[in-house]
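Please construct the entire structure, taking both the sequences and the accompanying hints into account.
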Amino acid sequence: MSAWRLCFIPGLVLVTILAISALVSTAGKVESDIGARVDQQLALDGQPWASAGISGRTVTVMGTSPTLLAQRLAVESAERVWGVARVVDGSGIIPLQAPYTWSATREPDRLRISGFVPSEEAKIAVLATASRELPTLAIEDDLVLARGQPVGFLVLTDFALRRVAELAGGSVTLTGNNLSIDGTAADDARFASAARAIAGGAPGGGQFRNVRVLPPLSRSFTWTVTYDGKSVEQTGFVPSVAVRRDISDALAVALPGVPMIDLTQLASGGPDGFSYAAVFAAYQMARLSAGTVTIDGSKLSIEGKAKTVADYEMALAEIEARRSKRAIGVGIGSVDLLPARVDPYVWRADRTPEALVLTGYVPSLQAHDDVMGAATRLFPDVAITDHVRIADGDPKMDWIGALKYALEQLSLLEKGSVALTGRKYDIVGEAISTSAYSNLLEALKKTLPASMELRRQAVSPGAVSPFVFAAARTPEVLTLSGYVPTDEVVQKIIAAARPKFGPDRIELRLLLAGGAPDGFVDAVDTALQAISRLQGGRFDLVDSKLSLSGVAVSEGARNAIEATVRADLPDGFELAPSLMVAVGGEPLSGSECQAALRTESEREKVDFDGATARILPSSYGLLDRIAAIIQRCPVATVEIGAHTDSSGGTRKNQALSVERANAVVNHLVADGVRRERLNPVGYGGSRPIASNSKASGRAQNRRIEFGIVGQ
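Everything in the sequence shown is counted per the numbering used here, starting at 1 for the first residue and increasing by one.
Possibly wrong hints are sitting among the right ones.
[Said to hold, decoys possible] Here are the computed lysine-lysine pairs in the DSS-like style, where the Cα-Cα straight-line distance is at most 30 Å:
1. Lys445 / Lys424
2. Lys446 / Lys424
3. Lys305 / Lys396
4. Lys446 / Lys396
5. Lys307 / Lys230
6. Lys424 / Lys325
7. Lys325 / Lys307
8. Lys325 / Lys230
9. Lys446 / Lys492
10. Lys305 / Lys446
11. Lys605 / Lys652
12. Lys404 / Lys424
13. Lys445 / Lys404
14. Lys652 / Lys694
15. Lys415 / Lys605
16. Lys404 / Lys305
17. Lys299 / Lys325
18. Lys492 / Lys545
19. Lys492 / Lys445
20. Lys446 / Lys415
21. Lys396 / Lys424
22. Lys424 / Lys307
23. Lys446 / Lys307
24. Lys404 / Lys446
25. Lys325 / Lys305
26. Lys445 / Lys415
27. Lys545 / Lys424
28. Lys325 / Lys396
29. Lys299 / Lys396
30. Lys445 / Lys396
31. Lys415 / Lys404
32. Lys305 / Lys492
33. Lys492 / Lys605
34. Lys230 / Lys299
[Stated by the list, open to error] Pair ranges (Cβ atoms, derived):
35. Ala321 / Lys652: 56 to 64 Å
36. Leu444 / Ser324: 18 to 26 Å
37. Val581 / Asn439: 42 to 50 Å
38. Val211 / Pro517: 49 to 57 Å
Think of the hints as simulated: they come from the structure by calculation, not from any bench. Virtual Cβ for every residue (Gly too), placed ideally from N, Cα, C.
Next comes the structure, spelled out in structure tokens:
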């Protein structure tokens, strides 16, 4: 090979290498230049989410687009850059979210933001606002990129975060363009700021859904109204403007024309039922010439001086009525009311099994100690609350002796009260036992000591369980035994039994006791009616369970008795019947049969409901016994003769007597007597047995007679 060729080949290789290096260097600069210019264009066109990937003059748009439109605009921006030969869309798009939600929750030491944001830039903006509005809190970011946000999203989140900054605790929630706010304001200034902002409406096309911003929380929620006779001042806390207005309205009614100073502040933390208790207390000011009412936590306390004795008594009555209702939230605390003039002089003791509360007046400290000593001795295991005050005006009587006597009687009550208003003595409650009840009644029947005068006695016997009452019928005797709640109930039961059992003697073996079920008297009346129709009838009432036994004249009578008892028993009572049907006795001759019928008719009479043919239920037992006698006269025909008095006219009385005779026949047939053996006859007033000029005579003439007319 020639020498020049040997020199040329290495040089050619060197030139080629240098050329390639130059081309590579130039291409890299071109790609960097294009990439920089594309990124710059994307930023200028408002697509900062996108970036350019360069391969020669081919540009690949990369990143996650917030919208389909932004994705297309980013490609168009890259295509407009000089030197770009081709643009490839390599971007993605964030998911669509519906519903689109966002929330911020304030806790004591942190702010938790969760939900969705449309872009990284929006997320940065939201977090920046949160840091600006709540710089002292740690921020927890649980935000996720998603599209579907409402118009004005950042305006709404900015507004929401400013509201969160006004809360001591709470949350804001955005669902679509609906904004909800729930929490407690940090202080009065921020409560007012939140109220003004909310009153202006939601910005950015949003709207409020649920808004509840409570006043700032008060750890010691107290409220006081003080009236000095000239002006009234209200201080402390109230839970809302509406409650403040209600209290002011009540004070204006209670103290018309009196200047009012309102220094209350809005706050959360008040007890349940505050507004009702405060309005109640405000109305009580009408009864005071001066005084103070205070709600401290869950207790309402009242102290002051009543305008008149009537105001004093009414205020105490209303306070006690509220106390007895056990109002939810705010109960009655201390009550320290002084009457304008203590006349009449009053004192009261209320007891429960666990507590004794004394209120009223005594004339001296020594008298106070004497009464407290008696209370401690009589109630050794009971918590005693002393609200007794020393005051002048005690009546001309042994006041302390009267109080000690009242306490002794109170010790016989399980719960109740004793009270003195001057000489007038009231005792109300439930006795601790049956013997205690009897002792109390005996003592109250006597002349009371210390010039006391009994005004009201409402003592009930102690409750027993089970509450048992029984009635048993033997020939000519009805025995009542068990428990009854009062003497008045005993009289009602006797009054109910008397027409059902005619001349039968009623023997009482009863004890007074509490615990009678509701409907007790009606249940006893129903059961008495049943055994009035039963031979050897008996019932036992144990609480609300009624057991019934005895012998009915017939199957029909037994069914009727059971059906009537089930229908007439009060609700809640249960019947357990054990009734049998009578087996006929030895047959009677005609004369024996007539004698037996006459004996029953002379012992009792069939009674009707006024001037009608409806037989009163109290006569069912008599007719059942008549039916039993007729059943023992198997071949006799019995005339049922109905008679009236002279009232009402001859034709009317004749018709009524026929109806009554037929009514008796119908009852006897229902008791099992064959109808063909009965002959109903109406005599009207044609056969009087006494003068119709007197009521007693007319009563004798109104009768049903039973006679044997054939064998």
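Going down the list of hints, with the structure as the test:
no.	hint	result
1	Lys445 / Lys424	holds, 15 Å
2	Lys446 / Lys424	holds, 15 Å
3	Lys305 / Lys396	holds, 24 Å
4	Lys446 / Lys396	holds, 21 Å
5	Lys307 / Lys230	holds, 14 Å
6	Lys424 / Lys325	holds, 26 Å
7	Lys325 / Lys307	holds, 26 Å
8	Lys325 / Lys230	violated, 33 Å
9	Lys446 / Lys492	holds, 26 Å
10	Lys305 / Lys446	violated, 38 Å
11	Lys605 / Lys652	holds, 22 Å
12	Lys404 / Lys424	holds, 15 Å
13	Lys445 / Lys404	holds, 18 Å
14	Lys652 / Lys694	holds, 20 Å
15	Lys415 / Lys605	violated, 49 Å
16	Lys404 / Lys305	holds, 27 Å
17	Lys299 / Lys325	holds, 15 Å
18	Lys492 / Lys545	holds, 21 Å
19	Lys492 / Lys445	holds, 22 Å
20	Lys446 / Lys415	holds, 23 Å
21	Lys396 / Lys424	holds, 13 Å
22	Lys424 / Lys307	holds, 23 Å
23	Lys446 / Lys307	violated, 38 Å
24	Lys404 / Lys446	holds, 17 Å
25	Lys325 / Lys305	holds, 25 Å
26	Lys445 / Lys415	holds, 21 Å
27	Lys545 / Lys424	violated, 43 Å
28	Lys325 / Lys396	violated, 36 Å
29	Lys299 / Lys396	violated, 38 Å
30	Lys445 / Lys396	holds, 23 Å
31	Lys415 / Lys404	holds, 17 Å
32	Lys305 / Lys492	violated, 48 Å
33	Lys492 / Lys605	holds, 22 Å
34	Lys230 / Lys299	holds, 27 Å
35	Ala321 / Lys652: 56 to 64 Å	holds, 58 Å
36	Leu444 / Ser324: 18 to 26 Å	holds, 24 Å
37	Val581 / Asn439: 42 to 50 Å	holds, 49 Å
38	Val211 / Pro517: 49 to 57 Å	holds, 53 Å
Going through the hint list in order, the structure does not satisfy hints 8, 10, 15, 23, 27, 28, 29, 32.
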